[in-house]
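Chemist: Top line first, the protein sequences correspond to chains A and B. Per this note's numbering: the first sequence = residues 69 to 716. Per this note's numbering: the second sequence = residues 5 to 179.
Hints in this document: simulated from the structure, not taken from any laboratory. It is possible that some hints are incorrect.
Said to hold, decoys possible - According to the in silico footprint, chain B covers these stretches of chain A (three or more CB under 8 Å from chain B):
| # | stretch |
| --- | --- |
| 1 | 193 to 201 |
| 2 | 250 to 262 |
| 3 | 381 to 395 |
What the hints assert, rightly or not - Chain A regions said to be covered by chain B (calculated; three or more residues, Cβ under 8 Å):
| # | stretch |
| --- | --- |
| 4 | 104 to 115 |
| 5 | 121 to 135 |
| 6 | 273 to 287 |
| 7 | 292 to 300 |
| 8 | 626 to 632 |
| 9 | 683 to 693 |
Stated by the list, open to error - DSSO-like mimics (lysine-lysine), calculated; alpha carbons at most 30 Å apart, straight line:
| # | chain 1 | residue 1 | chain 2 | residue 2 |
| --- | --- | --- | --- | --- |
| 10 | A | Lys329 | A | Lys278 |
| 11 | B | Lys112 | A | Lys698 |
| 12 | A | Lys174 | B | Lys157 |
| 13 | A | Lys330 | A | Lys356 |
| 14 | A | Lys78 | A | Lys330 |
| 15 | A | Lys671 | B | Lys112 |
| 16 | B | Lys45 | A | Lys698 |
| 17 | A | Lys329 | B | Lys42 |
| 18 | B | Lys45 | A | Lys551 |
| 19 | A | Lys647 | A | Lys488 |
| 20 | A | Lys551 | B | Lys112 |
| 21 | A | Lys356 | A | Lys434 |
| 22 | B | Lys169 | B | Lys45 |
| 23 | A | Lys180 | A | Lys94 |
| 24 | B | Lys45 | A | Lys330 |
| 25 | A | Lys487 | B | Lys157 |
| 26 | B | Lys116 | A | Lys551 |
| 27 | B | Lys42 | A | Lys551 |
| 28 | A | Lys78 | A | Lys487 |
| 29 | A | Lys551 | A | Lys604 |
| 30 | B | Lys116 | A | Lys698 |
| 31 | A | Lys94 | A | Lys356 |
| 32 | A | Lys278 | A | Lys434 |
| 33 | B | Lys178 | B | Lys116 |
| 34 | A | Lys434 | A | Lys216 |
| 35 | A | Lys176 | B | Lys45 |
| 36 | A | Lys176 | B | Lys157 |
| 37 | A | Lys671 | A | Lys551 |
| 38 | A | Lys487 | A | Lys647 |
| 39 | B | Lys42 | A | Lys330 |
| 40 | A | Lys488 | B | Lys42 |
Keep in mind that this is a model prediction, so the values were computed, not measured. From the three backbone atoms N, C-alpha and C, an ideal C-beta is built for every residue, glycine too.
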Amino acid sequence: MTAANESIEKIQAAYQALAEEARLQKEQFDQSPLPKIHIGMATCGIASGALETKSAFEEALKERDVEAQVHTVGCVGHCYAEPVVVIDHPDSGFPPILYPEVTPGKAKMLTKLFLQEYDPRFEHIMGAIVENEMIPSVHEFSRFNREKRVIMERCGRIDPEQIHEYLADGGYGALAQALGEAPDAIIDRIEASGLRGRGGAGFPTGVKWKIARAAAGSEKTIICNADEGDPGAYMDRTLLESNPHQVIEGMTIAAFSGGAKKGLFYVRAEYPLAVRILESAIGQARAKGLLGNDILGSGFDFDIDLFQGSGAFVCGEETALIRSVEGYRGMPRHRPPYPVERGLDNRPTVINNVKTLATVPPIIEKGADWFRSIGTVDSPGTAVFSVVGNVTHPGLVEIPMGVTLRELIFDICGGIPNKKQFKAVQIGGPSGGCLSADFLDTPVDFDALTRAGAMMGSGGMVVMDEDACMVDGSRYFLDFTQKESCGKCTFCRIGTRHLLDILRRLTRGEGREGDVEQLENLSRAVKRGSLCGLGKTAPNPVLTSLAYFRDEYEAHIEECRCPGCSCRALTAFYIDLDKCARGCDACVGCCPVDAVFTTSNRKKGIDQALCVKCGECMVACPPDYNAVIKVSPAHLAPTIERPPEKKR
Amino acid sequence: MTTTHTLTDEDRANLESLQAQIESSPIGRGQLIPLLQKAQKTLGYLPEEALALVADHLEITRSEVYGVASFYNQFRFNPPGRNPIKVCMGTACHVRGGEIILENFERKLEIKEGETTEDREFSIERVACVGCCALAPVALVSETLHGHMAPSKVEGLVLRVRVEKEKAEREAAKQ
């Protein structure tokens, strides 16, 4: 037997011992006849009240003297249905069932009726988790069966704070396998898989690792970029909160093949739960010998630290991120030299996104060909999108690359709610672009999106219905990038400010002739005159919306009209007296500024001078009447005199 | 730097505890941001005195420390209210009317974003995405997150905090 074989066997033996111990621990839980209640407890679940739901279950169990195990898991990505609870009640004869929107009241009801009396309450069920003959399965919904989970496969299934659950599920197996191979062979496999960086730019990961491996110096670092600054994307956070070990495993494999000894998680300080879970996960991995010196007896040393990013969008850029870790203002510098050659403290540094690293273990386990069989030729694998905005089933969706926008928005996410029309989809956050309905058949992959004028970015996808205003949308993104510009390049610092000023004027109805041309010129200048990705992409929202929704800009300038009735300076609310029942006072009661009034003959009117255009009266007006109308331009609203205040 | 507040006794006590924490920390430029985070965690904000402690420990100038601190959104130089209100201004919240929610809080509390009410009870901040886009629009009061916000919910939230405070005070008076 050769020395290499001996070492592989030693690593495998060490790993199998860990995995076996974990499996036994997990089996005890799985095979217990007690009912199991799985509650999704990531940030979005907690925000929707998962903590209250959990304590309601615990209380009800105690009160009724029912024995059951409450199991906290991560997020399944179905944010519209949070808090999501899965109840596995073997004695009842039913398969594990998924319940959406479990409020504390529902929790108590289910404890009594399902856990005690074996009635699963069909009206509250979304579906069974597995195919069976009794209850329709959730996999009959397109939201479930059209997804392909590689990165988020274990999210919502395992408890992120228990390393044994990840180990029992085959976790860290890829690491054990990789440690027995030559680093070059691993890099070759990643390169062959065609994996591209999931941070947005889509740089081939294998190439990056190869450069790092070839770079001189022994003190190399690997950084996991979890500085998810894009407003509207939260998949990195969900992944870290639901399955941190897959990222740690991927990072360790990356370190082994690139020759790094030190790892660093750069996580936003705004994600306290992710920071806490990550800290505990790193600690547990260390305790099991999966991090630290001589990992699994392979002789490879690697450990991970955690750095909390302080909230600067530009720090998502590699060189700015490094400056910030070094304790300076996070300003990007010129590349080359690239960080893989000279990065943190001038040493070679590999920077990979959370999702990139989480994709590594499945590739090692199942091979490059398997990965290539998913997605498209140039963009293999899956993409995680946070589809939000005006869409029926918002949340995190992992799909194979190449699925069209139409399938994603209408088939998987349920389309536009409230019978409204689709208007645009904004992809890639402040650096991305707005695409109109003409682009709905664009496949989702790195290159097709870039060709259409948007970009993959971090995967934020905001769907807008007919009420959205494209000019206001551009103003919003410019407002963000203008604040986040680090100020190094003049074009980015001053150019974004001017763009913002023009857009602000437009949304106030103070547009001038020539504004559109000026926006175009300035946008191109900012793109050319900026050093880093922030400035280079900041004008994208303006340029794409100008390309596809130019008529909206013109309506703002020429007619002071907002086609989406969204710019508040250009719209007015009034009450259609033919529709108004006049008997109810819902609109009067809900107005936060007392702008809605009743005249002596029970007519309703809105005092335009006081109205802040929040739209509450529109929501409050019963749907049978639907008497509150929104118009643009504002002068179209009929005026009703407000009666003088009665003297008391 | 403009500061409009004076240190309270509590602040002074916190500064002392901060000093002890800082003294035991390693020295090095890379420690700057972690130390500033520690200071903000201890005091809730970064008064000049705290910046000075950090600067002296790391042997860099105070202007340099302020330069770094003011670059990042996380650091604040005004004391937060006891019930800080954070209104999410992420893309999804914007599409669903986050700005209207922010305005309602501003009107109700009669302060602007970035300010603290005189009794230090409330402060309003706009934050970039808190990451619950599916619940948009979203606002955080203290640490509690409120999803699907509407202008009519704003008044209730503020009222609840005030009523609970009064109740606590009444009960404290009873004992």
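Chemist: Hint by hint, say whether it matches the structure.
Modeler: Now the hints, each set against the structure:
1. Counting residues of the stretch 193 to 201 of chain A whose beta carbon lies closer than 8 Å to any beta carbon of chain B gives 0, which falls below the threshold of three, so the coverage claim is violated.
2. With 0 residues bearing a CB less than 8 Å from a CB of chain B, the stretch 250 to 262 of chain A misses the requirement of three and the coverage assertion fails.
3. Chain B is given as covering the stretch 381 to 395 of chain A, and this holds because 5 residues of the stretch bring a CB closer than 8 Å to a CB of that chain, at least three being needed.
4. Coverage of the stretch 104 to 115 of chain A by chain B holds in this model, with 4 residues showing a Cβ closer than 8 Å to a Cβ of that chain against a need of three.
5. With 0 residues carrying a beta carbon less than 8 Å from a beta carbon of chain B, the stretch 121 to 135 of chain A misses the three-residue requirement, and the given coverage is violated.
6. Requiring three or more residues with a Cβ within less than 8 Å of a Cβ of chain B, the coverage given for the stretch 273 to 287 of chain A is violated, as only 0 such residues are present.
7. Note: the stretch 292 to 300 of chain A has 5 residues with beta-carbon separation from chain B under 8 Å; the three-residue rule is met and the coverage holds.
8. As drawn, the stretch 626 to 632 of chain A meets chain B at 0 residues by the rule of a beta-carbon pair under 8 Å; below three, the given contact is violated.
9. Residues of the stretch 683 to 693 of chain A with a Cβ under 8 Å from some Cβ of chain B number 4, which satisfies the need for three, so the listed coverage holds.
10. Distance restraint check for A:Lys329 and A:Lys278: the Cα-Cα separation of roughly 16 Å lies within the 30 Å cut-off, and the hinted pair is therefore satisfied.
11. Restraint check: the Cα-Cα separation between B:Lys112 and A:Lys698 comes to about 25 Å, which is no more than 30 Å; the hinted pair holds.
12. Our distance criterion of 30 Å between C-alpha atoms is met by A:Lys174 and B:Lys157, whose separation comes to about 23 Å.
13. Annotation: proposed proximity of A:Lys330 to A:Lys356 holds, straight-line Cα distance about 18 Å (limit 30 Å).
14. In summary, the hint linking A:Lys78 to A:Lys330 is supported, as the alpha carbons are separated by about 24 Å, within the 30 Å threshold.
15. A threshold of 30 Å between alpha carbons decides the hint, and for A:Lys671 with B:Lys112 the separation of about 28 Å falls inside it, so the pair holds.
16. Between the alpha carbons of B:Lys45 and A:Lys698 the distance comes to roughly 46 Å, so the proposed pair goes past 30 Å and is violated.
17. Using a Cα cut-off of 30 Å, the hinted pair A:Lys329 and B:Lys42 holds, with the two alpha carbons roughly 27 Å apart.
18. For the suggested pair B:Lys45 and A:Lys551, the alpha carbons sit about 24 Å apart, so the restraint of at most 30 Å is met.
19. Restraint check for A:Lys647 and A:Lys488: the C-alpha separation of about 21 Å stays at or below 30 Å, so the hint holds.
20. As the CA atoms of A:Lys551 and B:Lys112 are separated by approximately 26 Å, the hinted pair is consistent with the 30 Å bound.
21. Proximity of A:Lys356 to A:Lys434 is assessed by CA-CA distance (about 24 Å); at most 30 Å being required, the pair is judged to hold.
22. With a CA separation close to 24 Å, the supplied pair B:Lys169 and B:Lys45 stays within the 30 Å bound.
23. Between A:Lys180 and A:Lys94 the alpha-carbon distance is near 27 Å, which keeps this suggested pair within the 30 Å criterion.
24. Proximity of B:Lys45 to A:Lys330 is assessed by CA-CA distance (about 27 Å); at most 30 Å being required, the pair is judged to hold.
25. Of the supplied pair hints, the one linking A:Lys487 and B:Lys157 holds, its CA atoms being roughly 25 Å apart against a limit of 30 Å.
26. Between B:Lys116 and A:Lys551 the alpha-carbon distance is near 18 Å, which keeps this suggested pair within the 30 Å criterion.
27. Of the pairs offered as hints, the one joining B:Lys42 and A:Lys551 holds, with about 25 Å between alpha carbons and a cut-off of 30 Å not exceeded.
28. This hinted pair does not check out: A:Lys78 and A:Lys487 have alpha carbons roughly 62 Å apart, beyond 30 Å.
29. Between A:Lys551 and A:Lys604 the alpha-carbon distance is near 15 Å, which keeps this suggested pair within the 30 Å criterion.
30. In summary, the hint linking B:Lys116 to A:Lys698 is supported, as the alpha carbons are separated by about 28 Å, within the 30 Å threshold.
31. Straight-line distance between C-alpha atoms of A:Lys94 and A:Lys356 comes to about 16 Å, which keeps the hinted pair within the 30 Å bound.
32. The suggested pairing of A:Lys278 with A:Lys434 holds, with an alpha-carbon distance near 21 Å, which does not exceed 30 Å.
33. Restraint check for B:Lys178 and B:Lys116: the C-alpha separation of about 36 Å exceeds 30 Å, so the hint is violated.
34. The straight-line distance between the Cα atoms of A:Lys434 and A:Lys216 is roughly 15 Å, inside the 30 Å bound, and the hint therefore holds.
35. At most 30 Å may separate the alpha-carbon atoms for a hinted pair to count; A:Lys176 and B:Lys45 exceed this at roughly 38 Å.
36. Pair hint A:Lys176 plus B:Lys157 holds up; C-alpha atoms about 26 Å apart against a cutoff of 30 Å.
37. With a C-alpha separation of about 46 Å, the suggested pairing of A:Lys671 with A:Lys551 is violated against the 30 Å cut-off.
38. For the hint pairing A:Lys487 with A:Lys647, the CA-to-CA distance comes to about 21 Å; that is within 30 Å, so the pair holds.
39. For the hint linking B:Lys42 to A:Lys330, the alpha-carbon distance of about 23 Å falls within 30 Å, and the restraint holds.
40. For the proposed pair A:Lys488 and B:Lys42, the alpha carbon gap of about 48 Å is over 30 Å, so the pair is violated.
Consistency with the previously given hints fails for numbers 1, 2, 5, 6, 8, 16, 28, 33, 35, 37, 40, ordered from lowest to highest.
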